[in-house]
Amino acid sequence: MLVKRTIPLLITGIVGAVLIFSKLFPAAESLGEDFSIYFDIIAVFAFVLGGGNLVKIHADKIYKQAKGWGYSVVCVVGFFATLIIGLTKMHNPEGIAGDLSAQGSYFQLIYAFIFKPLAATMFALLAFYVASASYRAFRAKNLEATVLLVSAFIILLGRTFIGTWLSFWTPHGEGFGIPQLAEWIMNYPNLAGQRAIMIGIALGIVSTSLKIILGVDRGYLGTDSD
Amino acid sequence: MGLAIRYLTRWGIPLALTLTLALATGAFAQLGSANPSPTMSVPPSLAAPVVPSAEAIAAASAPAPTWPEPSIENTYNAKICPAADAKAVDRPEDAGGAVRVTWKPCPNADAPSPKTWVVLRAEKTDGPLVFAPVGQFSAMSEHLKTEPKRNGDLEALTQFDDKGLVDGRSYVYRVLGRDGDANAYAFVAAGDTPLVNIGPVSSERQTFVWSERDALRGSFALGAPDGVTAADRPNDAGEEIRVEWTPPAGADAATGLTYRVFSATKPEGPYTLLGAVGGSKTIFDYKAEKLDEKTEKEPLYFAVAAVAANGVDLAISEHTNEPVAAKSQWVNLDEWNFVLFAVVLSGFILYFIQHIKSGKKLFVRKIAGLEAVEESIGRATEMGKPVLYIPGIMDMNDVMTVAAIVILGRIARQVAEYDTKLLVPTSKSLVMTTGRETVKEAFISAGRPDAYNDNIVTYLTDEQFGYVAGVNGIMVREKPATCIYFGAFFAESLILAETGNSIGAIQIAGTAQAAQLPFFIAACDYTLIGEELFAASAYLSHDPKQLGSLKGQDIGKLAGMVAILVGGVFATIAQFTGGGWAGAVAGAIVKLFTPIAG
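Protein chains in written order, with the working numbering: chain A, 881 to 1106; chain B, 43 to 640.
Careful: at least some of the hints might be erroneous.
So, partial list: chain A residues that the calculated Cβ filter (under 10 Å) puts toward chain B [said to hold, decoys possible]:
no., residue
1, Leu904
2, Pro906
3, Ala923
4, Gly932
5, Ala1020
6, Asn1022
7, Leu1023
8, Gln1074
9, Ile1077
10, Met1078
11, Ala1082
12, Thr1088
Okay, derived cross-link-like pairs now, SDA-like style, lysine to any residue, Cα gap no bigger than 25 Å in a straight line [as the list claims (entries may be wrong)]:
no., chain 1, residue 1, chain 2, residue 2
13, B, Lys205, B, Ala318
14, B, Lys166, B, Lys187
15, A, Lys884, B, Leu465
16, A, Lys1021, B, Asp567
17, A, Lys944, B, Lys205
18, B, Lys587, A, Ile894
19, B, Lys332, A, Ile900
20, B, Lys521, A, Val956
21, B, Lys521, A, Leu1005
22, B, Lys332, A, Leu904
23, A, Lys903, B, Val386
24, B, Lys339, B, Val251
25, A, Lys996, B, Ile516
26, B, Lys633, B, Phe618
Because the hints were derived from the structure by calculation, they are not lab data.
Predicted model, so just to flag it, every value in this text is computed and none were measured.
Positions of the beta carbon are idealized from the N, C-alpha and C atoms, including for glycine.
Based on the sequences and whatever the hints tell you, model everything.
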C-alpha cells in the first residue's frame, strides 16, 4: 500500500504544489525546468521497455504464426536493420564518430527514402478521409446539420473566386458580399464558439490538476480505494 | 529444440535488445522531431528539412573555387536560378565581428536551383572592390532555414554568418550560385539590375571607453539620448534590469535612428554592448541568468547610444549616476490575478467536494458520450469482439493523457467485469507502463486479476504516422466492436476515426484539441467536447467527491460568463460615452483577466 498508493500520491501532490507555487515565488521558477528534466530521464528508461515490448510481442506472433504474422516479420526485420545500421553508423562519410544524420549514410537514406515517404503516404490518406467524413457530416438530416451545411457552403464559396463572382450584384465594398459573409462567420460565431470551448478546457484542466494533486481522483492508480 | 527456440524468440531477443536499444532510441528524433507541436496538425517530422552537417558538405564539395568576373553576360546567360532578395546585416546579439548574409534560394521555377553557394566578400575602400570567397556550401546544408511569412506559410531562406570581421569597417558581399557545372553561374540579381552588390555593411561597435565618447560621434547630426535611468525589474528572480531614456530632440521615424545600450562596471568604462532596439522604442530590458549574483559584486553603469542610419556614427548619452544591481524578490506580485483565480476556483471546488460529502444531492447533466461507454462495452461483449482504447499520442506530461489514463482505469474495470477483450496500443513508452499499472489495478479491483496480461497495453512507436499505421492495422485485423479515443490528438484523428467507421465500430472520442474536434464530431458516434473529457473521470466514477469538483468547475464558468457579459456592456457604453467610468470598469475587468508578467 505504501509503495503502490501513498508514495505515488505524495510525489504527485508535492511536485504539483511546487510547480504551482513556482509561478508565485520567483526563486522557485527554475524548479519547473528541473522537473521537466527529471521527466526526460524517466522517459529514457521507458524507451527501453517500449522497444523490448515491441520486439517481444512481434516475436511471439511470428513464433505462433498468429494472424498477420507476416507484418510482424517486416516490423522486426525493419527494427533490427535500422538499429544495427544506426548503431554501427554504416556507410557514414564521417565515420563512427560522425553525425548520425550525415548525408549519404545508410541511416539517413533509410530516413529519407523509406521512413519519410511512408509517413507522408499515411498523412496523405487524410485528404480522402476529409472528403468521406465531410460527406456524412454535411447531410442535412436535422437542423444543426443543416446550419453546418449552409455555413460550410458559404465559407467554401467565400474562400474561392466563385464567391466574389456571385457577389457582383451586392454592395460588397460595404461588406455585403459572400467573401465578407464568410469572414464574418469565421470571425464571430466560429471564434466565439472556439473561445467558449477554450475557457471550458482551461477550467477543466484546473479542476483535473487540483483533483490529482489533492489525491481526490486516484483513477490513474487503478482504484479509488485507500 | 522447439523449447529453446520458443525461449529465445520470446525472451532472449528482447533481453538482448534492451541492452542496446537505449543507445538508438533518439536516432530518428535527431533527424526529425517525433512529437507533434500542440499548435500544429502536421508533424514536424514531415516539415523539417534534412540537413547534413557543414563539415560533411565541405568535405564533399570541390575545393579551389573558380569563377569568372561577374558581368551582364554570365548573369543573364546563367543556366541556374540566381539568388534573390539578398541582404547583409550586422549579426544580432553577438559580441561583434560578424555580418549575416541572407538570400532566397530560388524565387521562380524557370531554372533549376543551384547545388552550391559561394559567398564572396570585399572590403569597401576608395579603390576597386576585390572579392574573395569566404564561404562555400551545399544548397541543402544547415544554412538553409525556413522563416514564417505574414500569412503563416514557411519560406526558404539561406543564411550565412561571416565571422572574424573588424568592427566599424564596411564590407560588400556577392552570392554566387553553382550547379556543379563549371560553366554555369548565377550572381545576385534583383529586378532589372544584372549584378547587385550587397552592402556595404558594418559590424556593430561592441565596446568603447568613456574617453572615446566624442570621437565616435562622427557626422551624427542630433543630440545624444537624455535622462537615462536604470533600475531593477520588480517581481522577478533577479534576472532583469530595465533601462529607459528620452530620445534626442528632432529624432523621428524618418531619421532612421536605432539605440544601443552599453554597460560598464566603472564610470570610465570599458562599456560593453548589451543589445539594440529600434528607434521607436525607449526601453531596454537587460536579461541575464543569475544577474543578481553578478551585479551584487559589480553593479553596473549604463549608457545609451543613438546610432545614425549608416550604422557607424553614434551619440552616447551621459552614463547613469549610480551603479545598479539586479535583486531577486520573494513574491511575484505581478501574478496577483493568477493567485486570486487559483484560490477562488480551488475554494469553490473544495467547498462543493465537502458539500457533497455531507450527503447533499447534486444534479449532474447527462453526457451522452459517457452514457454510451457502458453500452458500447456491452455491445462488444455480446459480439465477442474487443474494445480498442487509444489514449492519444502525447506523453504523460500532457494533462489530456493523464485524463485519458484516469478514464482508462474506469473503462478497464467495466471491461474486466464484462469479461471482454481490451486492446490499448500506445505511442509512448511511459504511457504504456502507466497504462499497464492502471489496467492491472482495475482488473484486480474488479476481482479479475486472472484476466489481466501485459499484452493488453502495448507500445507501437513514437512516430505519429507509424503509430496510425499500427493502430489501423489492429483495427482491420481485430475488428473491434468499440473504438474509444480519449486524449491529445493531432492530424491522425480523422485517419483513426474514419478507419474505425469503415469497420462498423461504435466510436466515442474526447479531446481538448479544439482543432481536432470537428473531425471527431464528423466521424464518431459520440464526442466529448473539451472540458467533458476532464469531467469524464468524475462522471464514470460516480464518486460524490469527484462530482463535487464538477460543480466547482461550473462556478468558474459562470464567473467567466458574468465577466464577459459585464465587460462587454461597459466597453459598449464606453464607446458611446468616450470612456469615463464605464471605460475604467471595462479596463479593470480586462486587467483582471490579463497575465501581467506576460
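Against the structure, the hints come out as follows:
At a threshold of 10 Å, the smallest CB-CB gap from Leu904(A) to chain B is about 6 Å, leaving the interface hint in force. Taking 10 Å as the C-beta contact cut-off toward chain B, the hint placing Pro906(A) at the interface holds, the least distance being around 4 Å. This hint holds: Ala923(A) has a C-beta 5 Å from the nearest C-beta of chain B, less than the 10 Å allowed. With a cut of 10 Å, the hint placing Gly932(A) at the interface with chain B holds, because the nearest CB-to-CB distance is about 5 Å.
Because the beta carbon of Ala1020(A) sits about 14 Å from the nearest beta carbon in chain B, more than 10 Å, this interface hint is broken. With 10 Å as the threshold, the beta carbon of Asn1022(A) stays out of range of chain B, its nearest partner Cβ sitting at about 14 Å, so the hint is violated. With a cut of 10 Å, the hint placing Leu1023(A) at the interface with chain B is violated, because the nearest CB-to-CB distance is about 16 Å. This hint holds: Gln1074(A) has a C-beta 6 Å from the nearest C-beta of chain B, less than the 10 Å allowed.
At about 4 Å, the closest approach between the beta carbon of Ile1077(A) and any beta carbon in chain B falls short of 10 Å, and the interface hint on this residue holds. The interface hint given for Met1078(A) is met, as the beta carbon of that residue sits about 6 Å from the closest beta carbon of chain B, less than 10 Å. Here the hint on Ala1082(A) is kept, as its CB sits about 9 Å from the closest CB of chain B, short of 10 Å. With a cut of 10 Å, the hint placing Thr1088(A) at the interface with chain B holds, because the nearest CB-to-CB distance is about 4 Å.
The straight-line distance between the Cα atoms of Lys205(B) and Ala318(B) is roughly 20 Å, inside the 25 Å bound, and the hint therefore holds. For the suggested pair Lys166(B) and Lys187(B), the alpha carbons sit about 28 Å apart, so the restraint of at most 25 Å is broken. This hinted pair checks out: Lys884(A) and Leu465(B) have alpha carbons roughly 24 Å apart, not beyond 25 Å. This hinted pair checks out: Lys1021(A) and Asp567(B) have alpha carbons roughly 15 Å apart, not beyond 25 Å.
For a cut-off of 25 Å, the pair hint linking Lys944(A) to Lys205(B) is broken: about 63 Å separates their Cα positions. The suggested pairing of Lys587(B) with Ile894(A) holds, with an alpha-carbon distance near 21 Å, which does not exceed 25 Å. For the suggested pair Lys332(B) and Ile900(A), the alpha carbons sit about 22 Å apart, so the restraint of at most 25 Å is met. Annotation: proposed proximity of Lys521(B) to Val956(A) holds, straight-line Cα distance about 23 Å (limit 25 Å).
Distance restraint check for Lys521(B) and Leu1005(A): the Cα-Cα separation of roughly 20 Å lies within the 25 Å cut-off, and the hinted pair is therefore satisfied. Under the criterion of a C-alpha separation no larger than 25 Å, the hint pairing Lys332(B) with Leu904(A) is consistent with the structure, at around 18 Å. Our distance criterion of 25 Å between C-alpha atoms is met by Lys903(A) and Val386(B), whose separation comes to about 17 Å. At most 25 Å may separate the alpha-carbon atoms for a hinted pair to count; Lys339(B) and Val251(B) meet this at roughly 21 Å.
A distance of roughly 22 Å separates the Cα atoms of Lys996(A) and Ile516(B); the hinted pair therefore holds under the 25 Å criterion. Proposed proximity of Lys633(B) and Phe618(B) is supported: the alpha carbons are some 21 Å apart, at most 25 Å.
Figure legend: structure checked against the earlier numbered hints; hints not met, in rising order: 5, 6, 7, 14, 17.
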